[in-house]
Amino acid sequence: MNLFKRKEKATGEILAGGESAIANKEVEGLSQGQIVRRRFFRHRAAVGALVVLTSLIIFVMTALETKIGPIRIPGWWKWTTEDIPALRFEDCPGGTTGCPTLSLNPAGGFGLGTHPFGQDDIGRDYFALTMNGARRSLMIMFVIGAVAGFIGVVVGSIAGFYGKMVDAVLMRLVDFIQTVPTIIIAAVIGKAAGKVGPLYLALFLGILGWTGLARLVRAQFLSLREMEFVDAARVAGASNIRIAFKHILPNAVGQIIVSITLIMAGAILTETALSYLGFGVVAPDVSLGLLISQYESSFTTRPWLFWWPGLFIISIALCVNFIGDGLRDAFDPRQRRRITKKDRLQAKLQSKVGA
Amino acid sequence: MILFGSSFMVYNLAAYASDPLAELRLSNDDSAQQQIAALTRQLNLDTPPPIRYFLWLRGLLGLFVGNLNLGTTRDGLSVQSELAYAIPVTIRLVLVATITAVLLGLALGIISALRQYSRFDYGMTFLAFLLYSLPIFWVAVLLKEFMAIQFNNFLSEPNIPLRWMIIFSIFTGVFWGSLLGGERRRFWTVFGGAFATNFVILWAIDFTDWYLNPGLGPILIALLSVGIAFGVTAISSGITDIKARNAALVMAGLAVVWYYPAQWIFDNYGSYLTVFVLLAVLIATGVFVSRAFSKIDRGPIARTAIITGFICGFLILIDRIMQSWKEYSATDAVNYRPVPTFGQRKDQLVTEDFWLNNLDIIMHLILPTLALILISLAGWIRYSRGALLEVLNQDYIRTARAKGLNERVVITRHAFRNMMLPLSSLFVGEFVGLVGGAVITERVFGWQGMGTLGIKAINSYDLNLLMGVNLLLSFLVVTGNLLADLLYSALDPRIRLRK
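The listed protein sequences derive, respectively, from chains W and E.
For the first sequence, numbering that gives the first Met the number 0 begins at 0 and goes up steadily by one.
For the second sequence, numbering that gives the first Met the number 0 begins at 0 and goes up steadily by one.
Derived from the structure by calculation, the hints contain no laboratory data.
Treat the hints loosely; a few may be bogus.
To be verified - FRET-style restraints, in silico, Cβ to Cβ:
#1 W:V51 / E:T273: 50 to 58 Å
#2 W:L344 / E:G298: 32 to 40 Å
#3 E:M146 / W:T53: 30 to 38 Å
#4 W:M138 / E:F174: 20 to 28 Å
#5 W:M138 / E:L126: 27 to 35 Å
#6 W:N239 / E:G403: 50 to 58 Å
#7 W:E225 / E:L486: 27 to 35 Å
As the list claims (entries may be wrong) - One-sided and incomplete, this derived list gives chain W residues near chain E with beta-carbon spacing under 10 Å:
#8 G32
#9 A44
#10 V46
#11 Q177
#12 G277
#13 G288
#14 I313
#15 S314
Only a predicted model underlies this, so the values are computations on that prediction, with no experimental measurement involved.
Virtual Cβ for every residue (Gly too), placed ideally from N, Cα, C.
Chain E extracted, bound-state conformation (with noise of 0.2 Å):
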């Protein structure tokens, strides 16, 4: 019914609003009287559009009889065919972004809650609001520009000089430092290890050239591993569990045995059914060892060792991506410059290779992801971290404390789970604003999506392949309005409908 409404609205103001014959009618040509004519014919537009609007609607409506016809671009190409092909473009830029977004965000406000006042606390309040202020097509540039040509220009003559060295160091410093916070001593002892962490981290890549030929390598996914089992466990179910933090130590260690095999089955078998058939055995095996490890009250174990699992086998596929990079950048299509400013793929890049094909998406989809999640990052921020402050008052809290609930348990069980039922809502509405935002990105990275499809129906004023990136549009958000009611209903047992 809003459907029907607002796609009668724009129809008609658009109808309106826009002169197809304008450039025609300017033209001194002999056969524009012609050309008028056949494309009054051929867009009905001697119909007045409140009734030619209900020609179009017939087209959507034979949707119910399979029979869907939007009606033809301009150019004589079918708007079903068009959006059938901008939509996935779309789609896929925006997930990742949104995906991307909502955990750092959610991770940065929990934590700035959680010090509520502190020099971090105040950092990201101002970090949100900067953020908030930067128009996207201004950093979408910038990124452009540094994220790309620079970086590019860095890759062909890679060194890093020591000034930069010291002064990145100095920043992570900070950051974990007041990440962390407490006394200042603490502050200061945080800060050196993560300044010198940092720069031995720096000085390595730089001597060894990583950047030219990346890669993880079996000995930093072993550390690694370790140290995510840990950090996991100390999450997801408290160090002191000793039986969870086994679970978890034993899913790194299969991930690093599984290291090399895994090696051969992604170099010979390389599609995505092979990935998901080992995420499975992966989610099997975090079962399989938790079951070993305790008879009772396993939900907690094994969620521990399937998170872990689950990283420590992210961490090998990355290993593997990365691998392709040095034949990736070799590649005649990149030639060495392989961070891409423009475009959803390279087309000159013929290859059948899995991994190279893969990378070449990735790389195409860095820089306007990384746009988008600078843009919505910001409103994550501020989100979660007002609802954990407003949670954290609540009665319940000061009771789960009060009987002596560890901090950890009352913060990851108690307030996390309630602050999630506001965000989950906005969560739909944050992605389906996001595909509108993305026209932006979209058109400075020339990506050929939704939003480039909808500039270019609104430059030709073509009413047909605009309506059809409309309707599109306001069918997300309807169901998307009607997904986040129906999410906040199924987790929140508080919320009935009414009668």
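With the rest of the complex left out, here is chain W (with noise of 0.2 Å):
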């Protein structure tokens, strides 16, 4: 059965020492951040995922008028939220109206037109719609993410560091919360919350969401708290402060980050589901996944409605999703890089001018 087969190695390769000996020399005299960043570096997909990624925030937070209190930086583009332009429906198909305008066919030639992504049916440019309801996704997920992070890490840390009793007690209030189906508590605060204004929705959803890390920190904490480097800080005079933030904690943020980037890779689905749902953000504001609700029945008629804020969430999502694995296997240690070909002749040509 061929399914089993496996690559055999040549005998000469093992006989060279192999290929840990390939990787071991790349990483020879480079600190941990730098191994760190040049493997991560060599993730293709996670390096244009985060190129994607960055570039799409900027596009988006742009696109529309800021407000930051007082100062107002204008956005480039030439529609907001609030217009309601007149419904275009020349050349549209089948009868409808505001369809998108935007042009990919190399023979009809490229274009935006007025309105890119087509108008709702009252008549507001889409493109701005659906900039906003991003914007307001991405916030969601960056302070979902950050809350989130920020009550694990500490609680993770607490709980791992002190043991038994506070331990205990914390890791019970885990559970509890974890006990909680998610959606419907989340959509009972939604329902009230959501009133209130999108960011509390976010603080909300971000209390919710930090039990999975908190349990990670611990069990990195548990494991670290043993090693030989605590017990000599601790010989040195260091605070118990000191020691569970400035060693043991830098020793585990690898698993941190990676764990808070599936996070909101989690916190941009979940916060369009309730949206979806009704019970996340609510109607004068908009985000991605309310767009989607509003405009679930007219997919036969008007697609675009339906398409582009979809776009947008799954775009978002692969992106963190990516970045994440691309984290997780730049600072797992065990984790090597493939050997290619190119690389066992040059470690050959290298060991040859050394001889």
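Mind docking these for me? Both chains are given alone in their own frames, and the hints should help you get the complex.
Next up, the structure:
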């Protein structure tokens, strides 16, 4: 059965010290941070995702007018969400109105037109609406990531560092929050918080989302606090706080970052799902999930109202997931790069030169 | 204890966050004051929530004296009966989805790990990430549009254009080519084979209008059965094991011989009992056949025979259900639009026929299940790939290879069993998680399950109903966690409870 067949290694390669020798040679004399950075930048998908996500954020954030207190930064897009231009119905398929003017067909010439993403049923520019929704969703995603990350790290490190009673109590708290079905309680809170504003919604969701991270950090702390360098720090007279945050935490930071990216990727899906159900961001405000929910029924006649927000949700979540994957590989000490033919050749040449 | 705490918290949060009187306060109706007073009395609103919780708890604790009382909903129905109606609906939805997703995800993940860094592996990784990032409601709406509405349109005028046949065949070819892997020449051979097979099948389907009157028929079942017999033997006990192979072939042969009698039984005594009895007969036959073939080392042979018989029997069952298709789509309730987008049953379909009813249930299950599968598949591909790669790096795998075991035994016996340990505990958690995730699916597809009940409760500020749903879900999580721990320690002898 061919399914189980395995690639055989050439004998010469194993004799020559194998792949680990090549991999070790590469990281000689580099700091941990440098190694991680190098590994991350070698992960092509992750770097691509990082570039896409960064440009997406800049694109979304600058498209519309930003208000920070009294300061107003104008956006580069010509419509706002309040404008109600006339509905366009020329060359729309099947008697629909407000179809997208974006044209990527090389024969027809590239062009944005007046409403590249189309218009909604009362004529508002859909590009502006989508941008506004994406901005809201991104904001919520980062707030949830920050809040959940902060609580998770603090609770996890305290539980793992002090152990015993403190640990037992805090872990019961974690169990306790995990028992509550997220979507139900989030819906209850969302229903109340949605009226107050999306920022509060994000804060509440963050308060619910830290449990997994706390468990992870606790486990890391439990194993790290038995290490020799902790004893060394204690002998040198460091305080508990200093040991926990200066000595142990940096060693656990890899897993924490990875876990936070995963929380963020989950957060954007939770937020959109809640808004879709009508318990998240509510009507005068716009979010991607809400847009989809509002125009779900018009999918058959005017599909663009459904496609664009979905596309934005997917691309954001996909990018965050890929970055998380790249970081995981970069931080994992056991993870070795795939040794390619080129590397072997180089190693061979170098060993010849050395001899 | 934890259940008590979390239900207390949810009760109070929900009680403070919601105001069941809000609508009445806004109304200018003269009777509004009276209604408020009546509702306050009915729901005990003048009692502060922390104390009201204990009133609710008293009803719950009645469970131990056989007098469970979860209160009534605001429509005056009892919460128990509402829940009792909703639970089986959700379980049906989630169970099918979890099992399919696990089987498919495990298979893809394992192959992906065995071919680490191959084209197939990269493809699967990308697919997993893509599925991970899909919002379920978005997928559900897409499925509704393309799998139901468009497919129904297609069925009313069935004709596969040549262009699609070719595109679809190329896709299948690439899939199988990269799945079996190997050198470039091998890839193209497999690609060509898969492409041609797929093209011929599609053409045959189109030519015979199979989708209007589907069915496998004895000849196709015979061919498939023989193929299955070889396939199962190859994975389960190795193709060189002649006894196992012969036992599997005999089972396949028996299944084919049984085709007509089974048809008769199905037609006249169609019920779940019949299916179970036939299943028992099948297993007994498997044991008997393996006994006939070997006196020693019967285990693997019996296993091979039973699995083969099971799959072949399943084929016959599918065939029988397919035979109802034509009748089903011709009924008034269905009216030649067989893929439904809404609800869990067709109420207008009133029939005594066991097979029609089941086909109806299956057709309604397809889309929501597919949505749930797509969402949870990603996780399983990643988990199983990661777990297998982890296990393959262990020393005992190297030992097994070094002592000359063939790769099939190393993978199925040493690696696979160890890989399943961490996954077994995930299974329970994933199942419970999906029950929560089904909320959205239920809403999109209009199922009357737990999720719909929960949404209804939140929207109408129905505290008793909400607590009922919440209690049930928390109970699932707690028992799920316990079950996962027990399962883990039962499977892995290295894990012993401390002290």
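Here is what the structure says about each hint:
1. W:V51 / E:T273: 50 to 58 Å: 56 Å, holds
2. W:L344 / E:G298: 32 to 40 Å: 50 Å, violated
3. E:M146 / W:T53: 30 to 38 Å: 36 Å, holds
4. W:M138 / E:F174: 20 to 28 Å: The hint (20 to 28 Å, Cβ to Cβ) is violated, given that M138 of chain W and F174 of chain E are roughly 40 Å apart.
5. W:M138 / E:L126: 27 to 35 Å: 30 Å, holds
6. W:N239 / E:G403: 50 to 58 Å: 55 Å, holds
7. W:E225 / E:L486: 27 to 35 Å: 29 Å, holds
8. G32: Hint on G32 of chain W: violated, closest Cβ of chain E at ~25 Å, above 10 Å.
9. A44: Holds, because the Cβ-Cβ distance from A44 of chain W to chain E comes to roughly 8 Å (cut-off 10 Å).
10. V46: Violated, because the Cβ-Cβ distance from V46 of chain W to chain E comes to roughly 15 Å (cut-off 10 Å).
11. Q177: The hint holds - Q177 of chain W has a Cβ within 10 Å of chain E, the shortest such distance being about 7 Å.
12. G277: Holds, because the Cβ-Cβ distance from G277 of chain W to chain E comes to roughly 8 Å (cut-off 10 Å).
13. G288: Holds, about 7 Å.
14. I313: 5 Å, holds
15. S314: 8 Å, holds
Of the numbered hints given earlier, the model fails hints 2, 4, 8 and 10; all others are met.
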